[in-house]
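Residue numbers (the numbering used here), protein chains in the order written: chain R, 732 to 1225; chain Z, 732 to 1225.
It is worth saying that the hints were derived from the structure and are not from the lab.
Here the structure is a predicted model, which means the values were calculated and not measured.
For chains that are exact copies, the list does not tell them apart, and a pair is met inside one copy or across any two.
Computed list of lysine to aspartate or glutamate pairs in DMTMM-like fashion (alpha-carbon distance at most 25 angstroms, straight line):
no.: 1; residue 1: Lys853; residue 2: Asp955
no.: 2; residue 1: Lys839; residue 2: Glu754
no.: 3; residue 1: Lys745; residue 2: Glu774
no.: 4; residue 1: Lys785; residue 2: Glu835
no.: 5; residue 1: Lys785; residue 2: Glu754
no.: 6; residue 1: Lys853; residue 2: Asp761
no.: 7; residue 1: Lys911; residue 2: Glu1209
no.: 8; residue 1: Lys872; residue 2: Asp856
no.: 9; residue 1: Lys911; residue 2: Glu1081
Protein chains: 2
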Amino acid sequence: MSADSNSNYQTLVKHFQSISHFEHLSALGDWDQATMMPNGGGEARGAAMAELAKHIHSLKTAPMLAGTIAQAQEQVLTAEQQANLREINYQFLQANAVPGDLVEAKTKAAYHCEQAWREQRKNNDWQGFKPNLEQLMDLVKEEAAIRAEILNVSPYDALLDKFEPGMTTASIDSIFTQVKSWLPELIQQVQHKQASEPKYTIPPASAESQALLGREVMQILGFDFNHGRLDISNHPFCGGVASDVRLTTRYDEADFTSGLMGIVHETGHAKYEQGLPIAWRGQPAGLARSMALHESQSLFCEMQVGRGSGFLKLIQPHLKGLLGCDLSHEKLNNIYTRVTPGHIRVDADEVTYPCHILLRFEAEKALVSGELAVADLPDFWSSQMQSLLGINTDGDYKNGCMQDIHWAVGELGYFPSYTLGAMYAAQFKQAMESQIGSVETLINNGRLGDVMHWLQTHVWSQGSLLEIDELMRQATGETLNPAHFKRHLENRYL
Amino acid sequence: MSADSNSNYQTLVKHFQSISHFEHLSALGDWDQATMMPNGGGEARGAAMAELAKHIHSLKTAPMLAGTIAQAQEQVLTAEQQANLREINYQFLQANAVPGDLVEAKTKAAYHCEQAWREQRKNNDWQGFKPNLEQLMDLVKEEAAIRAEILNVSPYDALLDKFEPGMTTASIDSIFTQVKSWLPELIQQVQHKQASEPKYTIPPASAESQALLGREVMQILGFDFNHGRLDISNHPFCGGVASDVRLTTRYDEADFTSGLMGIVHETGHAKYEQGLPIAWRGQPAGLARSMALHESQSLFCEMQVGRGSGFLKLIQPHLKGLLGCDLSHEKLNNIYTRVTPGHIRVDADEVTYPCHILLRFEAEKALVSGELAVADLPDFWSSQMQSLLGINTDGDYKNGCMQDIHWAVGELGYFPSYTLGAMYAAQFKQAMESQIGSVETLINNGRLGDVMHWLQTHVWSQGSLLEIDELMRQATGETLNPAHFKRHLENRYL
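Start from the sequences and build out the full structure, keeping to the hints where you can.
Structure, rendered in structure tokens:
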């Protein structure tokens, strides 16, 4: 390897650009599988996706990388190039931790499990789902054990690290223990306060009109339809690539409010993706910072903006025009801030939501450590739901441990990101308001764009150029501080 | 390379299985780009598809292949394995003919050209399209020249060979010269005969109701919706993979007849794909035999079955139910067998259709040889349309040389397959009828399934296990004989 002083770094840039092209195809395959693909296409797709995953893995573990990275680290690079090199190295280490055969086996098992889950969930078929999940969980544990040994952390920490670089079980335990100390009482206080409030009837709305409304609301939030789409899937998600972001949702014709806020949530993810630094497209430094930060953007959209009265006032005429919905923005605000313990995480209100995460965090830790067998998951679920939210889920698997896609595709370690994201979102709002004024006032004055611009400047355009603690310090003056989340809930709900 | 006697062949099988997985992703990328992708996603998609094309090319030209194929040819193999090895070798030779950089450059240029063409075609923007086509045509000519030298044939022959293994310009010239000797007179005779027939008004129909009708008609033809979909694109096509066939069409709300027959046509392609031998999925022997044979199946569906009175009688109640269309099957038959020279190939009737191909065949030969410059294409087009069909296309590029997607994606050498396909279709019908009786009678007796079963047995299930001449001999008792096509037109139209 001779050549000019910049050659090692440039070799890495080219190599990771190439990887990003295959990841583009992987994102497309995932999106299509969830939105468009007929069931009969699943087997061949699963095989193709497994082959692709193996290929991407082989590119990320190419023998030349270790040496090239080491030599690039000796080069004179700009601060941004150094950040990109740090992220390249992180991806290399993550990929190198797991053998290609295991990647392929897990991809195949995940496709098989998720394909079957789609029907099994509808049919409340735990007995059908269980063996698939058991098989997949064995592979997840194998992966966790291998990663743990290499990173010298616990197996569950090794999974967390895939989504939240540097985050540990101990940190989350500490944060979540605090939450447990005040949240149950807060839920009771809010429920008591809301008990006397009137309940409004939600008018029915066809899926077609909800989809039209969804697109108008996305436009209000500044979603760029030249670089993305909205479709339907079993489980709402934001996929695709930064230049072509694919949102999905699902519509309940008896209650449009859930699908609508689902779209607002996913649009928050999409805005992050569409706002990532264009100069770094295709490079690791150009990717979103972490999953919790991704969730912070969707939750900022959904919770900080979407459930506020300013935004609801803004979209109310669209609800009237497209759905014929006569509810005033005050009534909408009441509906969207009503706290009611329920079965479904994605339908949960802002206050009870963390309980769904506390449960899953405990379950995942125990599943990965082996303390909890897959067969015992429904009982564990029911007892936790009982103690956290007073809900019995015995026998109701579809609204219990089969409700989420995450485990059906073998993604453990992701769930904590949701509540960490809610905390980051509250912290961003506090910082934003201290800098540019109240979000509600801005929206009421037709300046939702200023809110988005702040996020664009401080979060989206940063990609992964900064590590998360530094990003938070530059944006908000401090690292993650869960107190903002508690204060936000108290301000809004008490 | 030691190991058991079967190892070289098995190595090839595994290698081509892997290639088929990447081709699955390529088919998905193409379909999505034509049906779902927003314009702004084009650049990144183009780069990803070019990377993928390059990777597939590198797999098909892997250094180990030459030796492994040579050694496998010495092995004791079944007749079917030998056929697969022959097709593996054909793919290897085809891929090896062209350098990877050229494949990548052409893929990129084709994506760029086709993306822009979508809008340019709508706007009749020849000046915008011309430089893109010129750039792409240079790459096509470069490819043709390289292939020609290696295969020791003319450049255009080298392109034909990609779609019709073994077919030559000389053979097609000879067949098309015959067609030219009788077709113009036949068109005049038919027009004279039809001049006194009444013309029926086609009722308007919404795109939504046409899509519902299309799905019902596909079901009647036995399309398996567990292994495929119907969507909308600028240019109708049949894509995807055998286990997940993706049809597209476009709807004209003022005239549903064109979109409907377009769906019938593409369903013919789809039936071929869905009927390919399952035991050979993912192997070259399991692919469709040639593009002309593919077109023979779509044209069998559209022309031999679709425009016959038995089929129209079968679907008439669906037209009434979904579109409120009161036209009797006799009137539909009249509409679907009306001969009217027109601008658009895909809307052409069965009799004038070959003229559209004769024109394109002459244009392609001249473009590839350099006798015709891209800049002169519109004039060439207009003069040929004038002499073949009496139509002036001066200044009407969107309905002239910009109407098809083929050149916009750099696919030259494909067009002759349409008319060769019509000839194969007529020959299949003649053979089928001599074996199981009249297609019209079968359909009238509710036995459309028997017609499909014959095709399944003699064509679809054969994949590429036989070479085309042998397939035709086994199915029809002779190799391609254009006389059947002439007889079919005379029987139906005179």
